[in-house]
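Asker: Sequence:
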Amino acid sequence: MLQALETLVIPVLESLYTNIGYAGLVLAMTIESACIPLPSELVLPLAGWAVARQLHEPLTGQAWEFWFAVVAGVIGNTAGSLIAYGLGAAGGRPLLERYGRYILVSPHDIDLAERWFARYGDATVFFTRLLPVVRTFISLPAGIARMPLWRFVLFSLLGAVPWTIALVYAGKVLGDNWRAVRETLGGLDYIIAAVILALVALFVWRHVRR
Numbered sequence: 001m002l003q004a005l006e007t008l009v010i011p012v013l014e015s016l017y018t019n020i021g022y023a024g025l026v027l028a029m030t031i032e033s034a035c036i037p038l039p040s041e042l043v044l045p046l047a048g049w050a051v052a053r054q055l056h057e058p059l060t061g062q063a064w065e066f067w068f069a070v071v072a073g074v075i076g077n078t079a080g081s082l083i084a085y086g087l088g089a090a091g092g093r094p095l096l097e098r099y100g101r102y103i104l105v106s107p108h109d110i111d112l113a114e115r116w117f118a119r120y121g122d123a124t125v126f127f128t129r130l131l132p133v134v135r136t137f138i139s140l141p142a143g144i145a146r147m148p149l150w151r152f153v154l155f156s157l158l159g160a161v162p163w164t165i166a167l168v169y170a171g172k173v174l175g176d177n178w179r180a181v182r183e184t185l186g187g188l189d190y191i192i193a194a195v196i197l198a199l200v201a202l203f204v205w206r207h208v209r210r
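Numbering (the working numbering), first residue to last: 1 to 210.
FYI, nobody ran anything at the bench for these hints, they're computed from the structure. Not one of these hints is a red herring.
The calculated label-pair distances, taken between Cβ atoms and stated as ranges, are: (1) L149 - P37: 21 to 27 Å; (2) E14 - P162: 24 to 30 Å; (3) F127 - E14: 27 to 33 Å; (4) L55 - A90: 35 to 41 Å.
Every residue gets a Cβ at the ideal spot worked out from N, C-alpha and C, and that includes glycine.
Go ahead and model the full structure; you've got the sequences and the hints to work with.
Answerer: This is the structure we're talking about:
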């Protein structure tokens, strides 16, 4: 899944990191967290590689620093998550009530989602930030369920920090072999996709049975 994007994405990221430094990392992570397919499994390890190479950072005039890269990644993650959350909160329920039936979403399902996030929302946002693929899309249902904004931001941050530290550090340690991070996490895509397909199948079966 990630490999198909690698050839296109990596030169763009390298250009961003070279020309606008940490701001490029903020931009890339904002895009990734706003539900646009720019995998953090590429974005963050490549930033770690920039740290390992002591790449010149144009905004500070210094070499790339590990903790500055982590902060930039977390800021971008939070900004993108807020965009997705805002889209879900602004148009979520009314939009789904009007058009949801065309994608097999009923008002009852929306009620369930809101109750689910009211009960488990904090833990959901936190733990999904630690998972590939799913972490990118959790903000939309959180917004639709109107999870309190301060809690959404808090638990997004708590989940984003270890994820960002781990991937930037892995890229720094692996150096020229930073792509091994992508290859390792890429194997999880199939497991997660299988789980999602199973849930979708169950969801459709429940609607057909009605």
